[in-house]
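Asker: In order, the protein sequences belong to chains A and B.
The first sequence: position 196 = 196 (the numbering used here), numbered continuously.
The second sequence: position 320 = 320 (the numbering used here), numbered continuously.
Just so you know, not all the hints are guaranteed correct.
Treat identical chains as interchangeable: a pair holds within one or across any two.
Here are the simulated lysine to aspartate or glutamate pairs, DMTMM-like style, with alpha carbons at most 25 Å apart [as the list claims (entries may be wrong)]:
#1 Lys-311 with Glu-201
#2 Lys-10 with Glu-269
#3 Lys-175 with Glu-392
#4 Lys-347 with Asp-129
#5 Lys-266 with Glu-356
#6 Lys-54 with Glu-67
#7 Lys-311 with Glu-177
#8 Lys-266 with Asp-7
#9 Lys-311 with Asp-35
#10 Lys-307 with Asp-61
#11 Lys-87 with Asp-61
#12 Lys-364 with Glu-305
#13 Lys-329 with Glu-6
#14 Lys-10 with Glu-334
#15 Lys-151 with Glu-330
#16 Lys-266 with Asp-137
#17 Lys-266 with Asp-92
#18 Lys-10 with Asp-122
#19 Lys-10 with Glu-234
#20 Lys-151 with Asp-204
#21 Lys-307 with Asp-62
Simulated from the structure, these hints should not be mistaken for lab results.
Remember, predicted model here, so these are calculated numbers, not experimental data.
Protein chains: 2
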Amino acid sequence: MYRVNEDYLKLPGSYLFSTIGKKSRAFKEAHPEADVISLGIGDVTQPLVPAIIKALHAAVDDMSRAETFHGYSPDLGYSWLRETIAKNDYEDRGCSISPDEIFISDGAKSDSGNIQEIFSRDSRIAVCDPVYPVYVDSNVMAGRCGTYDPKTERWSDVIYMPCVAENNFTPELPKEEPDIIYLCYPNNPTGASITKERLSEWVDYANRIGAVIIYDAAYEAYISAPDVPHSIYECEGARSCAIEIRSFSKNAGFTGTRLGFTVVPKDLERGGVKLHSLWARRHGTKFNGAPYIVQKAAMAVYSEEGKKELKEQVGYYKRNCRVIMDALKESGYEVYGGVDAPYIWMKTPDQMTSWEFFDRLLEKAHVVGTPGSGFGPSGEHYFRLTAFGTYENTKEAVRRIQRM
Amino acid sequence: MYRVNEDYLKLPGSYLFSTIGKKSRAFKEAHPEADVISLGIGDVTQPLVPAIIKALHAAVDDMSRAETFHGYSPDLGYSWLRETIAKNDYEDRGCSISPDEIFISDGAKSDSGNIQEIFSRDSRIAVCDPVYPVYVDSNVMAGRCGTYDPKTERWSDVIYMPCVAENNFTPELPKEEPDIIYLCYPNNPTGASITKERLSEWVDYANRIGAVIIYDAAYEAYISAPDVPHSIYECEGARSCAIEIRSFSKNAGFTGTRLGFTVVPKDLERGGVKLHSLWARRHGTKFNGAPYIVQKAAMAVYSEEGKKELKEQVGYYKRNCRVIMDALKESGYEVYGGVDAPYIWMKTPDQMTSWEFFDRLLEKAHVVGTPGSGFGPSGEHYFRLTAFGTYENTKEAVRRIQRM
C-alpha cells in the first residue's frame, strides 16, 4: 500500500500570487472600465532580440535535415555553449571556471529547487528573509526544515537572516552555524546588491565553517555599480565553497524559452567526494539535456550582435527602474533596490501592512504590485514593483501612483 | 559543515554506455579502415518532419514580436496543448482523462526520475529485470533501495520481476507486495508488448493491494497489434492506480527538442491526499514550464499534416525493425520484440555472454549493439539492437551480421 511523501503535506499553501490574481480579478469585475497595470510579476514583456530570433530559425533549420539534425544533447550541455559561457561570464571577469564545471539546464528554478538533493538530509539551511520561496519549499519537500509555525511564518529548523533597511538588505553572519547558505544577489525581492567586500566576508565565513553557499546570480545583467561582483567567483576562495546558479530569463528574455546553468567547481569536496560528480550524477539520471535549438539561441546571447541588442533590452528595463524610483522618491516614498536589479522595494507609507498597501494601490491607482510580506515576515511593511512592464505602462502607473 | 547525500554514494558507476563507447573507440583506433555501424543507442536519426519545422518557425516568429511574445508558460503546460493531448491520446481511444490531469514537462526521463519524490521514503518498489536504469537509480538516490550486492547486481529492498523468453517478457505478479510498480510497455530494452488482458491483471492487482503503477508508455507509437493498449487507461480501474508517462522523443523525434507529459488522474488518492496535487506542487516549485516554441511544435504532432508525416517516420523505423528481425531469424537467431517497439531483443548464440557477443559483433561485423546484461542480470545472454539507424546502415549492418 503506497503512502505519500508526508513532507509535501507540511507545506502551507502558497497563496501569494493566487491571492493577487483573485483580488485583481475581483477589482476588474467591479470596475470593468479600469485599465489595471501590473508591475507585480517577474516576467519579461519585450520580445526576443533579432540575433536570438535569427539563431533560433537557423537551429530549427538544422533540425530539418538529417545531416544537421541533433538528437540527445550531452547531459551537461553542448561543449560549444559551455566554452562560450566559461569565456564570457568567467574568464573575462577574471574568474577561473572551466567549461566542464558548467552544467546547462532548463532554467534556474529547476536548478535552485534540485540542488539541495546532493546534500545530506540533516543539513541545516540558512536563508534571507524575505526570500524567493523555492529555496525553502524545496528543502521542506526533502524533509529538511522541521515544523512550520503559522504564527511566526517560520520553519523550526531553518536559520533566517533578516534583510531590512537597517542592514542595507544584506544579512549579518548568522549566530547558529548553517550547512547550506542561500544567497541571491542582485536580490529578489529587495533589489539590493552586495559589494565584493561584503560577499568576500561570506565566502571566508563559509570556508571557515565548512558550509556551502548556493549563490543565485539570476539578475547579474542588471548590475551597474563597479564594486558589485557579477559572479561569486570574483571573490577569492569561492571555488571551494560556492555553487553559482545563472539564468537566461532576465538578461535575454528566456522566461518562456527556458535555459539556465549551474557552476559546480571541482574544488568543492567533502570526505573525498566532489559535489561536481554528485550533480553530474543527478543530471545524468534525472535530466536529458536542454533543447538543441535553445542552446543555439543562448550562443547568440554571447555574439557581438546579441550582446549589443541585449544591452539595449536590459537598458530598457533599467530605464523603467529609474522612472519608478524617481517618481516614488519625488512623492516622498522610501525606496530601495532598482539600481543593480530589476526590482524596486518600497516601504509602505503610514505603517500600512503590505496587503493594505496592495489594496490601496489597486483601488486608487489601478496598479498591481507584490506585497513584501508574501516573501517572508521581514518583508512586512514593504512592497515590490518590477521593471519588466512596457515603458508606456510603467510611466502611466507611476503617474497614477503620484496622484493617489 | 555540510555533508553530501550518502544515498548518492551507494550508486555503483553506470558503465554500460561508457564501456560501449570505450570498446568502440579502441576498435576504431585499431581498425581505422572499418566502417563501424551503431545499432546500439536509443537516439533517433531522422530529422523533424516538415509540419513540426513549420510550427517551430512560426513559434519563433511569435517570440520576435511583443504582441505575440510568450513569457513564463503555465507550470503545467499550455491549455491548448493539454486539451489536444486529452482529445487525441485519450478521448479518441476511449479513455477518460481530462486536460487538467495532464502535466507537460521537458521529457519522460525527468518525469520518470522525479515521480518517486511524491511517495513516502519507505515505499517498496518493484521493477522488471531487465529494466531502464532510471527507475531504480532515482529511487536509490532517494534512499529507498537498501544496499547493493555487486554479486547478484541487486538492491536489497527492491522487488525484481524477471522478464525472460519463458514468460514472454511480461512479469508474474510478485510474491512480495510492492507499493510502487514500474511497468514500461512497449518495453525498453526487450521490445515486448503487453496485451490489454494482461495489463488489466496488473491494474486489478494494484487496486487490490493499494499499489500505484508508474506506466511508461514512451514507445506507444510503435504498437501495431490490435490487442495491445496504447495507454494503461484503456484498462478499467486504471484511473485509481496508475500514473502514465509519455514522451515525444520516439513518435516525433524530439530526443533533442525535449517534451513529454505525465498523466496523474484525480482518482489517485491516499488518506484524502490527491497525488495530482502533490505532483502539481512539485511542478510549481521545481519546474518553470516547457518552452513555448516546443509546446507549439508538439501541437503540430497532432495536426493532420503532422500525423501523416509522423506515421511515415515511425513507419521508416518500423521497416528497420523488420529488416533486422527477418535477417536475424533467417540466420537462425532467436529474436524477440521488434513488432510493437523499436527494439529488437535477441538471444546470444552458443551460450555466449552479452559482452562476449558484443565483442564478436564488433570484431566480425563492425556493428555496435547493447549487451542485455547492462539492463539487469536477467538480461544476461540477451542483446539489444535498435531500429533508429538509417535504413541504409541498418541493411548493411544485418548483411554483415548474416555473413559473420
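Asker: Hints first: check each against the structure and report whether it holds.
Answerer: Okay, the hints, checked on the actual structure:
1. Lys-311 with Glu-201: neither (31 Å within a copy, 61 Å between copies)
2. Lys-10 with Glu-269: between (32 Å within a copy, 17 Å between copies)
3. Lys-175 with Glu-392: Answer is neither: 46 Å inside a copy and 68 Å across each miss the 25 Å cutoff.
4. Lys-347 with Asp-129: Close inside one copy (15 Å), not across copies (61 Å); limit 25 Å.
5. Lys-266 with Glu-356: neither (48 Å within a copy, 37 Å between copies)
6. Lys-54 with Glu-67: both (20 Å within a copy, 19 Å between copies)
7. Lys-311 with Glu-177: Cα proximity of Lys-311 and Glu-177: none, with 40 Å in one copy and 60 Å across.
8. Lys-266 with Asp-7: between (32 Å within a copy, 20 Å between copies)
9. Lys-311 with Asp-35: neither (31 Å within a copy, 49 Å between copies)
10. Lys-307 with Asp-61: Both, since 23 Å and 20 Å are each at most 25 Å.
11. Lys-87 with Asp-61: neither (27 Å within a copy, 30 Å between copies)
12. Lys-364 with Glu-305: neither (43 Å within a copy, 52 Å between copies)
13. Lys-329 with Glu-6: neither (47 Å within a copy, 52 Å between copies)
14. Lys-10 with Glu-334: Answer is neither: 36 Å inside a copy and 54 Å across each miss the 25 Å cutoff.
15. Lys-151 with Glu-330: neither (37 Å within a copy, 75 Å between copies)
16. Lys-266 with Asp-137: between (27 Å within a copy, 23 Å between copies)
17. Lys-266 with Asp-92: Classified as within: same-chain Cα gap 20 Å, cross-chain 51 Å, threshold 25 Å.
18. Lys-10 with Asp-122: both (17 Å within a copy, 18 Å between copies)
19. Lys-10 with Glu-234: neither (38 Å within a copy, 35 Å between copies)
20. Lys-151 with Asp-204: So Lys-151 and Asp-204 fail the 25 Å test inside a copy (35 Å) and across (46 Å) alike.
21. Lys-307 with Asp-62: both (23 Å within a copy, 21 Å between copies)
In summary, the structure is inconsistent with hints 1, 3, 5, 7, 9, 11, 12, 13, 14, 15, 19, 20 from the numbered list given earlier, while agreeing with the others.
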